[in-house]
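Asks: With these hints in hand, go ahead and build the complete structure from the sequences.
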Amino acid sequence: MNVISAAGLNLTFQTNDGPVHALKDVDLEIGKGEFVSFIGPSGCGKTTFLRVIADLEKPTSGKVEVNGTTPEAARLDRAYGYVFQAAGLYPWRTVEGNVQLPLEIMGYSKAERAKRASRVLELVDLAEFGRKFPWQLSGGMQQRASIARALSFDAGLLLMDEPFGALDEIVRDHLNEQLLHLWSQTQKTICFVTHSIPEAVYLSTKIVVMSPRPGRITDVIENTLPPERPLDIRDSREFLEIAHRVRDGLRAGHAYDD
Amino acid sequence: MMTRLVPVLTFVIVIIAVWYAAAVQLNANWAYDKAKRAGVELNFTDLVADTWSQEKPRLPAPHQVGAEIWQTTVEKKVTSKRSLIFHSWITMSATVLGFILGTALGCALAIGIVYSRVMDMSVMPWVIASQTIPILAIAPMIIVVLNAVGITGLLPKAMISMYLSFFPVVVGMVKGLRSPDAMQLDQMRTWNASRAQEFWHLRLPSSMPYFFTSMKIAMAASLVGAIVGELPTGAVAGLGARLLAGSYYGQTIQIWSALLMAAALAAILVGLIGALQRLTLKRMGLS
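So the protein lines, in turn, are chains V and H. Going by this note's numbering, the first sequence opens with residue 40, and the numbers climb by one from there. Going by this note's numbering, the second sequence opens with residue 560, and the numbers climb by one from there.
Certain hints may be false.
Just so you have them, the derived chain V footprint on chain H, three or more residues with Cβ under 8 Å [said to hold, decoys possible]: (1) 755-764; (2) 833-845.
Listed next, the in silico SDA-like pairs over lysine to any residue satisfying Cα-Cα at most 25 Å (straight line) [stated by the list, open to error]: (3) K63/V <-> D745/H; (4) K154/V <-> D740/H; (5) K171/V <-> G844/H; (6) K97/V <-> D740/H; (7) K171/V <-> P566/H.
No lab work stands behind these hints, which were simulated from the structure alone. For glycine and all other residues, C-beta sits at the position ideal for the given N, C-alpha and C.
Replies: The following block contains the structure:
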């Protein structure tokens, strides 16, 4: 069964300047355990698509299913963890407290909360930082804490909206590596929105290339790189060829014309 | 410490100097009158000495006010009707009770405005209208009406304080409860949090900086309300009563000492909230 399946999905925002076609005729299937990157210029609808899956936006027409049900049912069922562009940790809670927040909301027992928090903090390499407050952490560590928070309630699906967009290149490389490791450990399905071609190619099993006005999918590329990916795989021929195809896809969408 | 102390002290010294100079200026007429009747000629030293020591000056000199405050605080028993501590206590109890009631009312209205569309559309104009009515006009009515239904003493004054102090709390808390950004609210939605959870975990903690700032203004307004509330009660007790009695009998020194006590009281109460604010926000990582 597919984790996500969209067919003929349309979403139009009514603005003062007239309707904006954020998504037009989007068809996409995402299987269990896949790592799918969405790449494209601003306004191509990649974030909007993620928000539709998360039931933060309602499509205007078409069909979309998450775990075989509606996005709303999936959200009420807490079927996904969402990582936003900013870490959005609460300054009045410790890192541990932040990770436990969704668990508190979902009514887990105190012991269970502590157990899960320490497990996911271990997973993102922040085990010793549970007692610290967010301002005591670097930007990269804060983002890792926010990933831990999204993992804490063990949803099978992880939606990530440019989570590393605000971080510098070096930290980003490191986090990409960690994310791949985490993905192989947890077997989750991941949808990952990004602006960066190397990031998309390095991380994903499938790359969805999108283009704006109207927001649509122009290419879906199956990534043939092996699952084991050291950072220097990015200099390999195969990597560069896939990156090239992504760039062609972006160009074909006339993304750079205006 | 020194960097703050020096400018503050300089400022205080300037104020006192201006005050003494103004006392000479304003009380000079009366000094000349007295001299004329006595048929003596005033030289400058005599003039200054007289203007700084009159019994009912237009503007009492700082040391006169200081002496009066000393006599009515340290040298009087606190149970005495002449003790400024006694009167300050009366005013402070009404202020604090009114402040607590006002803060509670303000928070309740703010929560209503943030969570109910109907209240959002309808309440704010009334809240603003309520503050355009001069409190001096409405205070006697509140006292009389509450007296008629058998409520006397502290509560009527506290109601007037409440009337003034709920306003800054409503305005501040509406802003504060709406301060979480769209991303934080979306995040709550992804966890399928209830509105109550959203309130306790996100909106309320986020509103704390606004809450304390509003409370400082509310406390000052509350004190004004308590003093105004003491005027139509027949000047029985409280700093307001001292002000009114002082003005009846031309006791300017008494008026000024009551004024200074009111200012000191406001400074202490607002300072307490400020200390609480620093402590809380620091612990919450919001400062």
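Asks: Each of the hints needs a verdict: does it hold here or not?
Replies: Verification of the hints:
1. For the region 755-764 of chain H, the stated coverage by chain V is satisfied: 4 residues place a CB nearer than 8 Å to a CB of that chain, which reaches the threshold of 3.
2. Using a Cβ-Cβ cut-off of 8 Å, 4 residues of the region 833-845 of chain H lie near chain V, which meets the minimum of three, so the contact claim holds.
3. Restraint check for K63/V and D745/H: satisfied, since their Cα atoms lie roughly 24 Å apart, inside the 25 Å limit.
4. For a cut-off of 25 Å, the pair hint linking K154/V to D740/H is broken: about 30 Å separates their Cα positions.
5. Between K171/V and G844/H the CA atoms are separated by roughly 11 Å; this keeps the pair inside 25 Å, and the hint holds.
6. Taking the CA atoms of K97/V and D740/H, the gap is near 20 Å; set against the 25 Å cutoff, the hint holds.
7. Simply put, K171/V and P566/H have alpha-carbon atoms about 39 Å apart, too far for the 25 Å limit, and the pair is violated.
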